[in-house]
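Protein chains in written order, with the working numbering: chain D, -17 to 170; chain B, 9 to 166.
By construction, these hints were calculated from the structure, which means they are not laboratory data. Just so it is clear, the structure is predicted and the values come from calculations on it, not from any experiment. In this text, a Cβ means the ideal position worked out from N, Cα and C, and glycines have one as well. Be careful, since some hints might not be right.
[To be verified] Residues from chain D shown here face chain B by an in silico Cβ test under 7 Å; the list is partial: (1) E(-1); (2) F1; (3) L3; (4) T4; (5) A7; (6) L8; (7) Q11; (8) R44.
[Claimed, not checked] Straight-line C-alpha distance at most 30 Å; calculated DSSO-like pairs for lysine-lysine: (9) B:K78 - D:K74; (10) D:K14 - B:K28; (11) D:K74 - B:K87; (12) B:K87 - B:K67; (13) B:K125 - B:K74; (14) D:K74 - B:K106; (15) B:K125 - D:K14; (16) B:K86 - B:K117; (17) B:K158 - B:K87; (18) B:K87 - B:K125; (19) B:K117 - B:K28; (20) D:K139 - B:K28; (21) B:K158 - B:K144; (22) B:K125 - B:K144; (23) D:K146 - D:K74; (24) D:K74 - B:K86; (25) B:K144 - D:K14; (26) B:K86 - D:K70; (27) B:K106 - B:K28.
[Said to hold, decoys possible] Over 10 Å on every C-beta distance to chain B, these chain D residues come out as not near it, computed from the model: (28) H59; (29) R62; (30) E63; (31) D66; (32) V71; (33) T84; (34) D91; (35) E98; (36) I116; (37) M131; (38) Q133; (39) M134; (40) A135.
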Amino acid sequence: MSRQANRGTESKKMSSELFTLTYGALVTQLCKDYENDEDVNKQLDRILFSNFLPRGYNIGVRLIEDFLARSNVGRCHDFRETADVIAKVAFKMYLGITPSITNWSPAGDEFSLILENNPLVDFVELPDNHSSLIYSNLLCGVLRGALEMVQMAVEAKFVQDTLKGDGVTEIRMRFIRRIEDNLPAGEE
Amino acid sequence: MADEALFLLLHNEMVSGVYKSAEQGEVENGRCITKLENMGFRVGQGLIERFTRDTARFKDELDIMKFICKDFWTTVFKKQIDNLRTNHQGIYVLQDNKFRLLTQMSAGKQYLEHASKYLAFTCGLIRGGLSNLGIKSIVTAEVSSMPACKFQVMIQKL
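Build the full structure now, drawing on both the sequences and the hints.
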């Protein structure tokens, strides 16, 4: 009986490790393919006008559908609500952690997500020759892609990173503007 | 506790990413498959280490293959292998009738030729897992009709 219960929690932990390990293999492969860390950072996030492959962004674009289907949250009325939903619902659902929200800018359009422990870096150490690599940059791309699908243009970047020796991992999110629905070119 | 949707999306992104950065041609296709397989290999090695920390020693090869079919597959893909066949001489065929990584694609002949790209990572996963359990093998996969697929494991006797 107890053996069964053990298996249950073990397998949940294992699937998160599967994701962590797969992400690690991906970053390693990228480091091998591209010589400098800047390019790898771009690969993981995506810059709009480069023809680099959009990785995190693509994942975010699809993840938002899965998220909305499963979480039943309604429309967010402002950026604060959005921040709450991201931290309390989304992160919990997909990574099992609840980051805290701090450092709101006076205008209310920027905030920081503080992650005590980042599950992506569970078994990871950054070697010296890759000190400028933003390992978890995928998260920024995912956040950007997902929010763009709900009509919000945001910028996400890492301010602190436990891999680089900081105490916590901090992502700074900045609201740029609301995206209006554009009719495709040619249709009036 | 990462959700399985995350892994699925990340895997698909990886496949399309590896292919986008390569050019056309037979050689490139092989190289991409190798890259994906190698990534799977690393992940399989790490995963099997974590997983078998507390389990008992395996009696023999068949026991290991059964472990892969039941516990390992359940952890990774939330279901067991549907059918395991062997010729008792080092060749095992694992059949999965509803492979998780292929269920999102249309069930039919349309994308059959592309299916192998999505199986490369998993072949590496199996190979890596077996390698860290002390078994050297070659793993290939084939798809005859989506989303069912067969993984063939050939044990290499040293």
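Each hint tested on the structure:
1. The beta carbon of D:E(-1) is positioned within 7 Å of a beta carbon in chain B (closest approach about 6 Å), and the interface hint is therefore held.
2. Contact between D:F1 and chain B, as hinted, is supported at the beta carbon level, the nearest pair being about 4 Å apart and thus within 7 Å.
3. The interface hint given for D:L3 holds, since its Cβ lies 4 Å from the closest Cβ of chain B, which is under the 7 Å cut-off.
4. The interface hint given for D:T4 holds, since its Cβ lies 5 Å from the closest Cβ of chain B, which is under the 7 Å cut-off.
5. Against a cut-off of 7 Å between C-beta atoms, the interface hint on D:A7 holds, since the closest Cβ of chain B lies about 4 Å away.
6. With its C-beta approaching chain B no nearer than about 6 Å, D:L8 sits inside the 7 Å limit, and its interface hint holds.
7. Nearest Cβ of chain B to the Cβ of D:Q11: about 6 Å, under the 7 Å cut. The hint holds.
8. Contact between D:R44 and chain B, as hinted, is supported at the beta carbon level, the nearest pair being about 6 Å apart and thus within 7 Å.
9. The hinted pair formed by B:K78 and D:K74 meets the criterion: a straight-line CA distance of about 28 Å does not exceed 30 Å.
10. A C-alpha spacing of about 16 Å is found between D:K14 and B:K28, which places the hinted pair at or below 30 Å, so the restraint holds.
11. Of the supplied pair hints, the one linking D:K74 and B:K87 holds, its CA atoms being roughly 24 Å apart against a limit of 30 Å.
12. Note on B:K87 and B:K67: the hinted pairing holds, with a Cα-Cα distance of about 24 Å set against a maximum of 30 Å.
13. As the CA atoms of B:K125 and B:K74 are separated by approximately 26 Å, the hinted pair is consistent with the 30 Å bound.
14. Restraint check for D:K74 and B:K106: satisfied, since their Cα atoms lie roughly 28 Å apart, inside the 30 Å limit.
15. Under the criterion of a C-alpha separation no larger than 30 Å, the hint pairing B:K125 with D:K14 is consistent with the structure, at around 20 Å.
16. Between B:K86 and B:K117, the direct Cα distance comes to roughly 25 Å. Compliance with the 30 Å bound is thereby established for this hinted pair.
17. Using a Cα cut-off of 30 Å, the hinted pair B:K158 and B:K87 holds, with the two alpha carbons roughly 15 Å apart.
18. Straight-line distance between C-alpha atoms of B:K87 and B:K125 comes to about 21 Å, which keeps the hinted pair within the 30 Å bound.
19. For the proposed pair B:K117 and B:K28, the alpha carbon gap of about 23 Å is at most 30 Å, so the pair holds.
20. Between the alpha carbons of D:K139 and B:K28 the distance comes to roughly 25 Å, so the proposed pair stays at or under 30 Å and holds.
21. A C-alpha spacing of about 19 Å is found between B:K158 and B:K144, which places the hinted pair at or below 30 Å, so the restraint holds.
22. Restraint check for B:K125 and B:K144: satisfied, since their Cα atoms lie roughly 23 Å apart, inside the 30 Å limit.
23. Note on D:K146 and D:K74: the hinted pairing holds, with a Cα-Cα distance of about 24 Å set against a maximum of 30 Å.
24. This hinted pair checks out: D:K74 and B:K86 have alpha carbons roughly 20 Å apart, not beyond 30 Å.
25. Taken as a hint, the B:K144 and D:K14 pair is honoured in the structure, with Cα atoms around 25 Å apart against an allowance of 30 Å.
26. A hinted pair counts as satisfied when its Cα atoms are at most 30 Å apart, and B:K86 with D:K70 qualifies at roughly 26 Å.
27. With a CA separation close to 27 Å, the supplied pair B:K106 and B:K28 stays within the 30 Å bound.
28. With a cut of 10 Å on Cβ distances, D:H59 stays outside the contact zone with chain B, its closest approach being about 27 Å.
29. With a closest Cβ-Cβ approach of about 25 Å to chain B, D:R62 is found to remain outside the 10 Å limit, as its non-interface label requires.
30. Residue-level check passed: D:E63 sits 22 Å from the nearest beta carbon of chain B, beyond 10 Å.
31. With a least CB separation of 20 Å from chain B, D:D66 remains clear of the 10 Å interface cut-off, as annotated.
32. D:V71, annotated as away from the interface, keeps every beta carbon of chain B farther than 10 Å; the closest lies near 12 Å.
33. For D:T84, the requirement that its beta carbon stay farther than 10 Å from each beta carbon of chain B is met, with the minimum near 24 Å.
34. Even its closest Cβ contact with chain B, about 28 Å, leaves D:D91 beyond 10 Å, as expected for a residue assigned away from the interface.
35. At roughly 15 Å, the least C-beta separation between D:E98 and chain B is larger than 10 Å, which holds for a residue marked as non-interface.
36. Interface exclusion of D:I116 from chain B stands, the closest Cβ pair being 17 Å apart, more than 10 Å.
37. For D:M131, the condition that its CB be more than 10 Å from all CB atoms of chain B holds, with the nearest at approximately 13 Å.
38. Non-interface status of D:Q133 relative to chain B is upheld: no Cβ of that chain comes within 10 Å, the nearest being about 21 Å off.
39. Against chain B, the non-interface label of D:M134 holds: every CB pair exceeds 10 Å, the least being about 20 Å.
40. The claim that D:A135 lies off the interface holds: its Cβ sits roughly 21 Å from the closest Cβ of chain B, which is beyond the 10 Å cut-off.
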